[in-house]
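Residues per chain are reported as follows:
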Amino acid sequence: MTTPADLKYTASHEWVKQDADGTVTVGITDHAQELLGDLVFVETPAVGRKLKQGEECAVVESVKAAADVYAPVSGVVTAVNTELTDAPEKINQDSYSAWLFKLKIDTPAEVAALLDASAYQAVADADSH
Amino acid sequence: MTPAGLGARDTLRLEAGMNLYGQDMDESTTPLETGLTWTVDMRTARDFIGRNALENRTSARHAVGLVLLDKGVMRSHHVVNTAHGAGEITSGGYGPTLDRSIALARVPNAVQPGADVTVDVRGKPLRARVVKPPFVRNGKVRIDL
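Top to bottom, those sequences are chains E and V.
Read in our numbering, the first sequence has 4 at position 4, and its numbers run on one by one without any break.
Read in our numbering, the second sequence has 120 at position 120, and its numbers run on one by one without any break.
If you are wondering where the hints come from, they were derived from the structure by calculation, not from laboratory data.
Quantities reported herein were computed from a predicted structural model and do not represent experimental measurements.
Keep in mind that a hint or two might mislead.
Dumping the calculated DSS-like pairs for lysine-lysine here, alpha-carbon to alpha-carbon at most 27 Å [unchecked claim]: (1) V:K71 x V:K124; (2) V:K132 x V:K71; (3) V:K71 x E:K102; (4) E:K50 x E:K102; (5) E:K50 x V:K71; (6) E:K64 x E:K90; (7) V:K132 x E:K102; (8) V:K124 x E:K64; (9) E:K64 x E:K104; (10) V:K124 x E:K52; (11) V:K140 x E:K102; (12) E:K102 x E:K52; (13) E:K17 x E:K104; (14) E:K50 x E:K17; (15) E:K90 x E:K17; (16) V:K124 x E:K50; (17) E:K102 x E:K17; (18) E:K64 x V:K71; (19) V:K124 x E:K90; (20) V:K71 x E:K90; (21) V:K71 x V:K140; (22) E:K50 x V:K140; (23) E:K90 x E:K102.
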């Protein structure tokens, strides 16, 4: 399990990368993809959709289970990773480069309040299966 | 000894069109409803325990296979909407040989292989086609996609 130090995280296993222009990129963590197993289907939110922090906005589905992905912060969806429609397994291969969607955020304080790498590592370690 | 995943076992038996006890069949279902009439000799005069009961029983539903045409994964208990009424997925999942979602379902008798139906997957009606299982045997795809 890897947990890059330069990202922020949620307790529900999303990672957040802050981009220069007030947008963030969101994906699911290595720990999450390991728990899910081989992904076979990914559903991303519509571009332009307004999301509230914590709102269900995407679905990742593996052979064994479907899991909801929650908006880590509030904002508007500006882009989605269309490669995942035909190749959901990219998330298993590298969950930190196979991003799900990008958000233009409205409340920077929400990003600052997210978990850092070591706090997330503690969440993942406690989440033993 | 090598660990073997239950997920692998499940996709293997699902592609082979084999029932899982407790899910596709149980004490409340008959061979007529679960795709098992090939195991029951109703044609010769031979008597067997339960023959009389089976002959006096009719069923409004029978078992079929489903292949999902849209993207997604069908799961147990998802509702199947057909031209002849509603049915239900008994076992669903992802079939790696076909690279699609496949399922076994109990649907009204009039629904036959070749029919187009929709499956309610988490609130969305996805398109599926009725097929006769098995989906795959001996590594070869046995249904028309």
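Consistency of the hints with the structure:
1. Distance check on the hinted pair: V:K71 and V:K124 sit about 11 Å apart at the alpha-carbon level, within 27 Å; holds.
2. For the proposed pair V:K132 and V:K71, the alpha carbon gap of about 21 Å is at most 27 Å, so the pair holds.
3. Between the alpha carbons of V:K71 and E:K102 the distance comes to roughly 22 Å, so the proposed pair stays at or under 27 Å and holds.
4. Pair hint E:K50 plus E:K102 holds up; C-alpha atoms about 12 Å apart against a cutoff of 27 Å.
5. A distance of roughly 24 Å separates the Cα atoms of E:K50 and V:K71; the hinted pair therefore holds under the 27 Å criterion.
6. Of the supplied pair hints, the one linking E:K64 and E:K90 holds, its CA atoms being roughly 17 Å apart against a limit of 27 Å.
7. With a C-alpha separation of about 43 Å, the suggested pairing of V:K132 with E:K102 is violated against the 27 Å cut-off.
8. Under the criterion of a C-alpha separation no larger than 27 Å, the hint pairing V:K124 with E:K64 is consistent with the structure, at around 20 Å.
9. A hinted pair counts as satisfied when its Cα atoms are at most 27 Å apart, and E:K64 with E:K104 does not qualify at roughly 33 Å.
10. Using a Cα cut-off of 27 Å, the hinted pair V:K124 and E:K52 holds, with the two alpha carbons roughly 23 Å apart.
11. A hinted pair counts as satisfied when its Cα atoms are at most 27 Å apart, and V:K140 with E:K102 does not qualify at roughly 41 Å.
12. For a cut-off of 27 Å, the pair hint linking E:K102 to E:K52 stands: about 14 Å separates their Cα positions.
13. Proposed proximity of E:K17 and E:K104 is supported: the alpha carbons are some 12 Å apart, at most 27 Å.
14. For the hint pairing E:K50 with E:K17, the CA-to-CA distance comes to about 19 Å; that is within 27 Å, so the pair holds.
15. For the proposed pair E:K90 and E:K17, the alpha carbon gap of about 18 Å is at most 27 Å, so the pair holds.
16. This hinted pair checks out: V:K124 and E:K50 have alpha carbons roughly 21 Å apart, not beyond 27 Å.
17. Using a Cα cut-off of 27 Å, the hinted pair E:K102 and E:K17 holds, with the two alpha carbons roughly 9 Å apart.
18. Restraint check: the Cα-Cα separation between E:K64 and V:K71 comes to about 16 Å, which is no more than 27 Å; the hinted pair holds.
19. Simply put, V:K124 and E:K90 have alpha-carbon atoms about 25 Å apart, close enough for the 27 Å limit, and the pair holds.
20. With a C-alpha separation of about 17 Å, the suggested pair V:K71 and E:K90 falls inside the 27 Å cut-off, and the hint holds.
21. In summary, the hint linking V:K71 to V:K140 is supported, as the alpha carbons are separated by about 22 Å, within the 27 Å threshold.
22. Taken as a hint, the E:K50 and V:K140 pair is broken in the structure, with Cα atoms around 46 Å apart against an allowance of 27 Å.
23. Distance hint between E:K90 and E:K102 is fulfilled; the C-alpha atoms sit about 17 Å from each other, no more than 27 Å.
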